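Starting from the known structure of chain A, arrange chain B on it as the hints suggest.
Just so you know, the sequences run in chain order A and B.
The first sequence begins at 5 in my numbering and counts up by one.
The second sequence begins at 6 in my numbering and counts up by one.
If you're looking for bench data, these hints aren't it; they were derived computationally from the structure.
The model shown is predicted, which means the values in this text are computed figures rather than measured ones.
Beta carbons are placed, not taken as given, at the ideal position from N, Cα and C, and that holds for glycine.
Treat the hints loosely; a few may be bogus.
As the list claims (entries may be wrong) - Covered stretches of chain B, going by a simulated chain A footprint (3 or more residues, C-beta under 8 Å): (1) 28-35; (2) 128-141.
To be verified - If you want the ones that stay clear, here's a sample from chain A, every Cβ over 12 Å from chain B, calculated: (3) 36; (4) 61; (5) 76; (6) 118; (7) 125; (8) 150; (9) 153.
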Amino acid sequence: MAGDHDFAEDLDRLVEHDYVRLVRAVALFSGTIEGAEDAVQEALARAMEQVRKGRRIEHLGPWVVTTAFNQRRSHARWAARQRERGGALADRRPDAEGPDADALGSQLLDLRAAVRSLPSRQRQVVVLHYYLDQPVSSIGDVLGIKESAVKNALHKARGSLLAALTMDNTPRSAQ
Amino acid sequence: MSDADSLLRERLAAAAAFDVEADPHRVREDVVRRQRRRRRRRRGTVAVGVLAVAALAGGAVLLAGDSSGKDPDVRASTAEPDDATSPYFDSARGWETVQTAAAATAANVALGPDTQAGNVPWDTVTTLQDGDVVLFAMVSPATDVSRANGNFPQGELPLSLDDAQPGGLEGQPDGVYAERLAAEVDGWNIDLLAFFGGGVAPSADTRAVAQSELDRLIVPAQAAAGLGRTAVGTCQPSDLQAQVALLESGGALAGTLTVRNVSTTACTLSGAPDVQPTDTTATPLPVTTARTDPAWPQTNGAAPAGWPAVQVAPGAEAQAVLHIANWCGAFDNRIYFVVTLPGHTDRIGGAAPSVQAAPLCTAAAAPMQVAVGPFEPPSAAG
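Chain A extracted, bound-state conformation (with noise of 0.2 Å):
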């Protein structure tokens, strides 16, 4: 079992080297950078809490991003919820895309838009394996769920992306 000490080496690291990686793994899943270092630190400051209770984090890296997906999944209905009845402010910050939205081209604004649009589950295994380079076998085991399921919605989400960059090369990038 790793200790307080290993993990406390393996967070330094991560921090050092992997977090931007992580945070923009959670806005490119949540389509939004607006919470994703929130839910990053959130997840980080969780998973001390585990390992401090004896629990086992195999893959830190990909277990923090699963965590924050979650915590921003959980976030994005609650707005949704308070949208809906229109009472209790919910997110209502401008800047839906980030702040760095006109300084990209819109095919990479479609493409966030393409990643947005994909199934919740689709959109994880998309980040984790293309994004965060993560093999199939430690997403299922992040994720909870069979290496055939993950390689699935791989294949599922693999093609709606694609769709959507052949779209953009036709059009957009005569503008």
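Below, chain B without anything else, positioned relative to chain A:
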């Protein structure tokens, strides 16, 4: 790796190029702080984000003869209180209940320490799994003002969850599904929240379980309630709870600060409250504060009766215009507001109200700008 896979990796890497500030030292500090906060929250020694409805109202009841800060009148039990003067849940087998002068809670899971202390049951709600239920009823005596507002339609026992609407309270934990129901029963305004675990609408079985406990809500006749003070005095911080409702407007956040009289007697407010925004660690944010005009000149054209004094009946509300602009510092997903009354140093009770938003950064070198209007009746500011 296929060309298509390479293309996807390349494009996703580009699409993910969100601007992220990465100072490892700061991140480590933030994570450790969050972890400590989580542990403290678990131990129940702090109640970040918790609305201390019951504790406050208990304090209000005690105000007449005691301002020493003793624990409010909180009963956590599975036994029927024999001296109940406010609504409470009779506990069925497998249910735990707690009640104060202003709130009653019942859950089919173990109550958390904060809940047992009479606070809003967030520490219990966060533990809910599929099939688990927390019922939380905020109660206050009905008044002519609350009847005129029409927020609590006449109802009778047993209340029915069929009349509840999806809803919740600000500050509600993520991943919890809630429904809300308001009714006036036997002279009591009852604002009921049913929290269900599992994150989605409950199954019919779970709903039936919740309804069976809701059937056990006991509402003593209002005449039996010990309404202590009768003179209309100046509102004290512990008489009130505050809420903030702000909408984005041209990059700023504009709306109202609402204070509700949770005591059992009418009291009077005047002047403008002091509003200090803080981050999620209760650290005050740098601000410049200004006074702004009330809303009534734009809506009514004539000053409300008695203004600038505003009399607030028990359960009724007063409001103040609130406007915040320009925040260029860190934003941890929520801004809290510490509210104090003119001439007081103690903040208005309950959890600090908050919004899950921040104004846009318009002047990097400047602090946040806060503008607060004087108290006025809600019909004017709302």
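A quick look at each hint next to the structure:
1. Coverage of the stretch 28-35 of chain B by chain A holds [criterion: at least 3 residues with CB-CB distance below 8 Å; count 4].
2. As drawn, the stretch 128-141 of chain B meets chain A at 0 residues by the rule of a beta-carbon pair under 8 Å; below three, the given contact is violated.
3. Against chain B, the non-interface label of residue 36 of chain A is violated: not every CB pair exceeds 12 Å, the least being about 8 Å.
4. Interface exclusion of residue 61 of chain A from chain B stands, the closest Cβ pair being 14 Å apart, more than 12 Å.
5. Distance check on residue 76 of chain A: its Cβ comes as close as 9 Å (rounded) to a Cβ of chain B, failing to clear the 12 Å threshold; non-interface status is violated.
6. With a minimum CB-CB distance of about 9 Å to chain B, residue 118 of chain A fails to clear the 12 Å threshold, and the non-interface call is violated.
7. The Cβ of residue 125 of chain A sits about 16 Å from the closest Cβ of chain B, beyond the 12 Å cut-off, so the non-interface label holds.
8. Look at residue 150 of chain A: its CB is around 21 Å from the nearest CB on chain B, clear of 12 Å, so calling it non-interface holds up.
9. Every beta carbon of chain B lies more than 12 Å from that of residue 153 of chain A, the smallest distance being close to 19 Å; the non-interface claim holds.
Checked against the numbered hints above, the structure violates hints 2, 3, 5, 6; every other hint is satisfied.
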